[in-house]
Amino acid sequence: MAKNLLIVDDSATIRGMLRRAITIMGLDVGEVYEAANGIEALAQLADHSVAAVITDINMPTMNGIELIKRMKANPHLKHIPLVVATTDGSQQRIDEMRQYGACGYIRKPFQPEQIRDALKPLFGVKDNAGTDDGHLAEGLF
Amino acid sequence: MQVPTTDILQKVFSEVLANLAFMFPDDSKPELNPEHEWLETTIRYEGPHVATLRLWCTRPFSILLALNLLDVDPRSEDSAPKGEDAVKELINVLGGQLVTTLHGTQDVFSLTIPEIRLLPQPPDETVLDGSMVVRLSIENHSLCLAYQSVDR
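Going down the list, the sequences are from chains A and B.
Using this note's numbering, read the first sequence as starting at 14 and increasing by one per residue.
Using this note's numbering, read the second sequence as starting at 242 and increasing by one per residue.
Hint data in this document are derived by calculation from the structure and do not stem from the laboratory.
Some hints could be false.
Said to hold, decoys possible - Straight-line C-alpha distance at most 20 angstroms; calculated SDA-like pairs for lysine to any residue:
hint	chain 1	residue 1	chain 2	residue 2
1	A	K82	B	S351
2	A	K16	A	V138
3	A	K82	A	D108
4	A	K85	A	L55
5	B	K252	A	F123
6	A	K91	A	I78
7	B	K270	B	R300
8	A	K16	A	D41
9	B	K252	A	R120
10	A	K85	A	Q57
11	A	K91	A	Y46
12	B	K252	A	G102
13	A	K16	A	I35
14	A	K82	B	V349
15	B	K252	B	G345
Claimed, not checked - Label pairs and their in silico Cβ distance ranges:
hint	chain 1	residue 1	chain 2	residue 2	range
16	A	H61	B	R358	32 to 40 angstroms
17	B	T283	A	D108	27 to 35 angstroms
18	B	E272	A	I52	39 to 47 angstroms
19	B	H290	A	G39	37 to 45 angstroms
20	A	M14	B	E256	35 to 43 angstroms
21	A	T36	B	Q243	33 to 41 angstroms
22	A	A86	B	E380	45 to 53 angstroms
23	B	D267	A	I52	41 to 49 angstroms
24	A	I37	B	I357	23 to 31 angstroms
25	B	S269	A	M14	50 to 58 angstroms
26	B	T353	A	Q124	39 to 47 angstroms
27	A	G137	B	T247	44 to 52 angstroms
28	A	G39	B	D319	25 to 33 angstroms
29	B	R316	A	D41	34 to 42 angstroms
As the list claims (entries may be wrong) - Derived, one-sided and incomplete: chain A residues facing chain B with beta-carbon distance under 8 angstroms:
hint	residue
30	S24
31	A25
32	I27
33	G29
34	M30
35	A34
36	P73
37	T100
38	S103
39	Q104
40	Q105
All residues carry an ideal CB built from backbone N, CA and C; glycine is no exception.
Using the sequences plus the hints, can you model the full thing?
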């Protein structure tokens with residue numbers, strides 16, 4: 014069954030690049046929803062069921078860390094896997110995002126393969142980048 | 242901390258253009274074309290060190306960048322805002338890469354949201370003559386990047 018995704022980034026350019034990468038990577042993706050900040054993301058999540066969220070951190074109105082906190086505090090949303098796609102390379106920030114509940118991290122600029130590798134396990138795809146032996150794919154925490 | 246130099250700026254700038262947009266600087270030195278509208282895009286990072294990055298490019302370059310990133314039709318009505326958004330993302334990625342190149346990954350830095358303003362003419366050459374300014378040329382478009390540390 015096709016799985017829906019939500020992309021959260023204040024840059025329409027990045028949303029478009031992620032959408033294109035997701036479209037060509039061969040996973041069984043249904044609808045791809047978009048939001049430009051955390052507030053818009055929560056509104057989308059209230060209206061649509063998604064299998065995973067890919068979110069930026071540095072956004073106006075509500076940033077990605079606040080979005081992650083809100084989702085993890087919401088019993089209806091806390092189970093949704095979150096992958097962070099950001100320019101931020103600080104190890105402390107990465108650790109912080111993991112502690113808040115993000116399951117993956119992709120640093121911009123990204124290649125489509127990085128998006129695919131981060132999402133495959135979330136789609137139940139097992140291959141040499143998969144999780145047969147409990148080893149997480151590159152890009153996942 | 243690595244001391245910022247124009248060589249480092251140029252290397253990071255070139256790598257980001259290549260990795261993000263598959264754009265590669267050439268050796269030509271085009272003039273700052275006064276016939277085009279120019280965009281000045283600014284971002285600042287703050288943490289144990291503080292610095293501002295400013296990027297100048299022409300409107301046609303911004304649309305070329307959007308074309309490379311998203312296959313934007315340069316003749317479409319929304320090519321200008323898409324070009325501006327693409328340039329903002331370019332400086333956002335550039336800022337993130339420069340922070341880790343200069344300051345490593347141990348400290349936490351915050352990047353501001355990029356801001357863009359239109360210039361009726363090319364940037365002032367006297368500003369661009371500063372030691373922390375690099376100029377690149379891509380397909381006959383001039384790009385200028387200025388790094389200014391505001392550490393006290």
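How the hints compare with the structure:
1. A:K82 with B:S351: Since the Cα atoms of A:K82 and B:S351 sit roughly 18 angstroms apart, the hinted pair holds (cutoff 20 angstroms).
2. A:K16 with A:V138: 13 angstroms, holds
3. A:K82 with A:D108: Holds, at about 14 angstroms.
4. A:K85 with A:L55: 12 angstroms, holds
5. B:K252 with A:F123: 18 angstroms, holds
6. A:K91 with A:I78: 14 angstroms, holds
7. B:K270 with B:R300: 18 angstroms, holds
8. A:K16 with A:D41: Given pair A:K16, A:D41 holds - Cα atoms ~6 angstroms apart, limit 20 angstroms.
9. B:K252 with A:R120: Distance ~18 angstroms between B:K252 and A:R120 Cα, so the pair holds.
10. A:K85 with A:Q57: 16 angstroms, holds
11. A:K91 with A:Y46: 18 angstroms, holds
12. B:K252 with A:G102: 18 angstroms, holds
13. A:K16 with A:I35: This hinted pair holds, its Cα atoms lying about 12 angstroms apart.
14. A:K82 with B:V349: Answer holds: A:K82 to B:V349 is near 19 angstroms, not above 20 angstroms.
15. B:K252 with B:G345: Answer holds: B:K252 to B:G345 is near 16 angstroms, not above 20 angstroms.
16. A:H61 with B:R358: 32 to 40 angstroms: With a Cβ separation near 36 angstroms, A:H61 and B:R358 satisfy 32 to 40 angstroms, so the hint holds.
17. B:T283 with A:D108: 27 to 35 angstroms: 30 angstroms, holds
18. B:E272 with A:I52: 39 to 47 angstroms: 45 angstroms, holds
19. B:H290 with A:G39: 37 to 45 angstroms: 43 angstroms, holds
20. A:M14 with B:E256: 35 to 43 angstroms: 40 angstroms, holds
21. A:T36 with B:Q243: 33 to 41 angstroms: With Cβ atoms ~39 angstroms apart, the hint holds.
22. A:A86 with B:E380: 45 to 53 angstroms: With Cβ atoms ~49 angstroms apart, the hint holds.
23. B:D267 with A:I52: 41 to 49 angstroms: 43 angstroms, holds
24. A:I37 with B:I357: 23 to 31 angstroms: 30 angstroms, holds
25. B:S269 with A:M14: 50 to 58 angstroms: 53 angstroms, holds
26. B:T353 with A:Q124: 39 to 47 angstroms: The hinted range 39 to 47 angstroms is violated for B:T353 and A:Q124, with Cβ atoms some 26 angstroms apart.
27. A:G137 with B:T247: 44 to 52 angstroms: Given about 49 angstroms between the Cβ atoms, the range holds.
28. A:G39 with B:D319: 25 to 33 angstroms: 30 angstroms, holds
29. B:R316 with A:D41: 34 to 42 angstroms: Distance hint for B:R316, A:D41 holds at roughly 36 angstroms.
30. S24: 5 angstroms, holds
31. A25: Nearest chain B Cβ about 5 angstroms off; hint holds.
32. I27: 6 angstroms, holds
33. G29: 5 angstroms, holds
34. M30: Result: holds, 6 angstroms to nearest chain B Cβ.
35. A34: Violated. Min distance 12 angstroms.
36. P73: Because about 5 angstroms separates A:P73 from the closest Cβ in chain B, which is inside the 8 angstroms limit, the hint holds.
37. T100: Check passed: Cβ of A:T100 comes within 3 angstroms of chain B, closer than 8 angstroms.
38. S103: 5 angstroms, holds
39. Q104: Nearest chain B Cβ about 5 angstroms off; hint holds.
40. Q105: 5 angstroms, holds
Violation of the numbered hints given earlier is confined to hints 26 and 35; the remaining hints are satisfied by the structure.
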